[in-house]
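Protein chains in written order, with this note's numbering: chain A, 348 to 817; chain B, 197 to 348.
Treat the hints as calculated values from the structure; they're not laboratory data.
Be aware that one or more of the hints could be misleading.
Unchecked claim - List of simulated lysine-lysine pairs, BS3-like, C-alpha gap at most 30 Å:
(1) Lys688(A) to Lys254(B)
(2) Lys339(B) to Lys716(A)
(3) Lys199(B) to Lys716(A)
(4) Lys646(A) to Lys505(A)
(5) Lys483(A) to Lys723(A)
(6) Lys659(A) to Lys534(A)
(7) Lys505(A) to Lys694(A)
(8) Lys397(A) to Lys275(B)
(9) Lys644(A) to Lys688(A)
(10) Lys397(A) to Lys279(B)
(11) Lys688(A) to Lys279(B)
(12) Lys254(B) to Lys716(A)
(13) Lys254(B) to Lys694(A)
(14) Lys366(A) to Lys199(B)
(15) Lys363(A) to Lys199(B)
(16) Lys339(B) to Lys694(A)
(17) Lys688(A) to Lys339(B)
(18) Lys716(A) to Lys279(B)
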Amino acid sequence: MSDDKTNVGEEEVNAKPRKRRWLRFWGVVALAVVATVFGLALLVNIFQRKQEARNPFFRVVELTDDTVDPSIWGKNFPLQYDDYLKTTDQVRTRYGGSEAEPRTPTQADPRSIVAQSRLEEDPRLKTMWAGYAFSKDFREERGHAYMLDDQTFTERQKVTNQPGTCVNCHASAYVAYKQLGGGDIVKGFEQLNKMPYFEARKLVTHPVACIDCHDSQTMQLRVTRPAFIEGMRMWKASQGIQNYDVNKQATRQEMRAFVCGQCHDEYHFSGPEKRLVYPWAKGLQVENILAFYDEQKFKDWEHANTGASVLKAQHPEFEMWNQGIHARSGVACADCHMPYKREGALKISDHHVRSPLLNINRACQTCHKWSEEELKARVETIQTRTFNLRNLAMDALVDLINDIKAARDAGRNDAGVTTAQDFQRRAQFYLDFIESENSNGFHAPQEATRILGESINFSRKGQVALRNRP
Amino acid sequence: MIKLRLAQGIILGVTLGLAVGVGAYTFVYARGYSYMTDDPEACVNCHVMNEQYAGWVKSSHRSVAVCNDCHTPPGLVGKYTTKARNGFWHSYYFTTGWFADNIHITTRGREVTEEACRKCHGEIVGAIESHSTDLDSQTRCLKCHSSVGHMH
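Starting from the given sequences, assemble the full structure and let the hints guide the process.
This is the structure:
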């Protein structure tokens with residue numbers, strides 16, 4: 348202040364330095380303001396993270412063992428629910444994923460978008476499945492969000508009468524089991540299987556939901572599908588473990604694969620009651636499963652071109668994963684398909700279930716310290732090799748089918764034809780085991796090539812058998 | 197004029213005071229002082245390295261080395277320069293959230309750790325070192341022993 352007094356007379360002369368001082372003053376104030384704002388923003392951010400770490404979730408609604416609607420669960424678990432909703436995405440990977448194809452909605456099928464037709468991509472599939480509904484409509488699978496719609500509106504529903512059994516894995520069926528069975532899920536399961544599809548369809552409203560894998564009170568993982576519970580009991584019994592109860596005896600890490608295994612496996616509808624049975628009584632490998640079907644004298648249909656009793660393999664992801672190095676190392680489905688992610692201070696499982704190739708950092712780099720490009724290249728190498736061999740096996744099978752057809756058209760019905768038909772059953776099941784499996788060999792690369800190799804061998808042996816004329 | 201100067205002084209004082217006050221409070225609330233220490237707990241203040249910390253607690257090195265022993269170079273200057281540098285970038289990325297979940301060590305960080313192995317194991321490593329100037333053909337402890345401190 349004393350400076351001001353002495354400088355009073357010079358003020359008018361020194362207007363410029365005064366202006367500069369003025370500017371400097373406000374400059375410092377502005378900086379201090381910015382620093383304060385920044386400091387407060389940081390403080391709030393740190394506060395928020397600390398709060399998140401303290402309370403992993405807030406219970407805002409009461410969940411019960413009958414709450415099917417995932418949006419209600421989503422009120423307590425908004426982060427998981429947000430990710431769960433993202434399974435509506437349609438993103439391609441090199442060999443998998445789905446493309447969104449526009450279609451004109453009709454009264455019977457209101458879908459405006461479907462996935463690309465696999466039958467158009469590879470018409471040999473029509474030959475393999477001749478006489479079966481899959482030769483009419485077979486599309487690339489879409490995300491979990493579409494499982495119910497895609498099952499309801501597939502053309503396959505029009506060419507055949509599907510049983511209610513399909514609902515087991517195309518909808519959130521747990522509460523429906525309980526209602527049908529008066530609280531007993533196994534009884535409800537038996538009732539559901541016997542119904543015609545569209546009657547069973549009325550009992551369910553959601554695709555796979557929270558309650559199908561989680562206990563509503565503890566959020567612990569649990570298996571709700573009777574077919575898996577029974578399948579695991581049969582498989583464990585074949586290893587000498589009697590009365591295995593998956594919900595009591597499996598470890599937490601095992602459950603992170605088993606809840607997915609409830610549906611992602613090979614199955615068949617057993618007997619007139621159309622019971623959903625997983626064919627694991629002799630083991631999980633393709634030859635064990637085929638031996639089981641042979642023993643049951645089971646066939647899915649009679650091949651239209653050859654008259655062979657053939658089988659349709661269905662997405663045996665759980666079985667194939669079990670043969671691979673990841674399963675052997677204790678890596679569960681969820682580790683790669685629902686990897687841990689960070690949301691603020693919280694660590695959660697990513698409920699946007701999808702191909703690990705679309706999420707390499709979280710899915711692979713937890714264990715594999717290589718660049719994303721390198722890891723992707725490794726996976727695609729495996730898949731390309733599998734795909735090429737699958738094409739060879741497909742050609743071999745079509746050759747066999749054509750040869751059997753030609754022989755029968757020529758009036759042959761001898762032992763050579765019967766043997767060839769049996770080889771077709773084998774070749775076709777082995778090939779379909781890999782074709783329908785959703786990893787293009789990645790879940791168990793050597794096992795996949797072994798199976799395809801054997802399939803080619805069966806097809807060619809079938810052709811050789813036809814040479815043996817009576 | 198005197199009144200104006202007084203008003204200016206008050207404005208300046210309040211704004212600067214707020215900035216320093218908020219800064220100081222944030223520093224204390226965020227346990228900023230803990231970063232000056234060797235306490236491994238400081239590294240999990242913000243949760244991002246929880247897995248690494250949990251891995252270290254179970255590792256063979258937990259009783260002989262803390263985070264700073266392997267992740268900062270020897271000497272006060274080197275140590276605090278590295279701490280300041282890493283601290284700045286960690287705060288930047290972890291606050292903005294612009295980072296991939298599975299974090300990876302930087303090339304510089306890896307070199308620091310590689311050298312840190314030799315602080316204790318120098319004698320035995322000396323016998324097998326190739327002393328090549330070519331980085332690729334040098335003996336790299338972490339190539340095989342990357343999980344001794346912690347997994348991941």
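Do the hints match the structure? See the list:
1. Straight-line distance between C-alpha atoms of lysine 688(A) and lysine 254(B) comes to about 22 Å, which keeps the hinted pair within the 30 Å bound.
2. Taken as a hint, the lysine 339(B) and lysine 716(A) pair is honoured in the structure, with Cα atoms around 11 Å apart against an allowance of 30 Å.
3. Proposed proximity of lysine 199(B) and lysine 716(A) is contradicted: the alpha carbons are some 66 Å apart, above 30 Å.
4. Under the criterion of a C-alpha separation no larger than 30 Å, the hint pairing lysine 646(A) with lysine 505(A) is consistent with the structure, at around 21 Å.
5. Straight-line distance between C-alpha atoms of lysine 483(A) and lysine 723(A) comes to about 34 Å, which puts the hinted pair past the 30 Å bound.
6. A C-alpha spacing of about 27 Å is found between lysine 659(A) and lysine 534(A), which places the hinted pair at or below 30 Å, so the restraint holds.
7. Between lysine 505(A) and lysine 694(A) the CA atoms are separated by roughly 46 Å; this puts the pair beyond 30 Å, and the hint is violated.
8. Note on lysine 397(A) and lysine 275(B): the hinted pairing holds, with a Cα-Cα distance of about 28 Å set against a maximum of 30 Å.
9. At roughly 47 Å between alpha-carbon atoms, lysine 644(A) and lysine 688(A) are farther apart than 30 Å, so this suggested pair is violated.
10. Taking the CA atoms of lysine 397(A) and lysine 279(B), the gap is near 23 Å; set against the 30 Å cutoff, the hint holds.
11. Note on lysine 688(A) and lysine 279(B): the hinted pairing holds, with a Cα-Cα distance of about 26 Å set against a maximum of 30 Å.
12. Only pairs whose Cα atoms come within 30 Å are accepted, and lysine 254(B) paired with lysine 716(A) is accepted, the gap being roughly 21 Å.
13. Taking the CA atoms of lysine 254(B) and lysine 694(A), the gap is near 20 Å; set against the 30 Å cutoff, the hint holds.
14. Restraint check for lysine 366(A) and lysine 199(B): the C-alpha separation of about 17 Å stays at or below 30 Å, so the hint holds.
15. Taken as a hint, the lysine 363(A) and lysine 199(B) pair is honoured in the structure, with Cα atoms around 21 Å apart against an allowance of 30 Å.
16. Distance hint between lysine 339(B) and lysine 694(A) is fulfilled; the C-alpha atoms sit about 29 Å from each other, no more than 30 Å.
17. Among the hinted pairs, lysine 688(A) with lysine 339(B) is consistent with the structure: their alpha-carbon atoms are about 27 Å apart, no more than 30 Å.
18. A hinted pair counts as satisfied when its Cα atoms are at most 30 Å apart, and lysine 716(A) with lysine 279(B) qualifies at roughly 24 Å.
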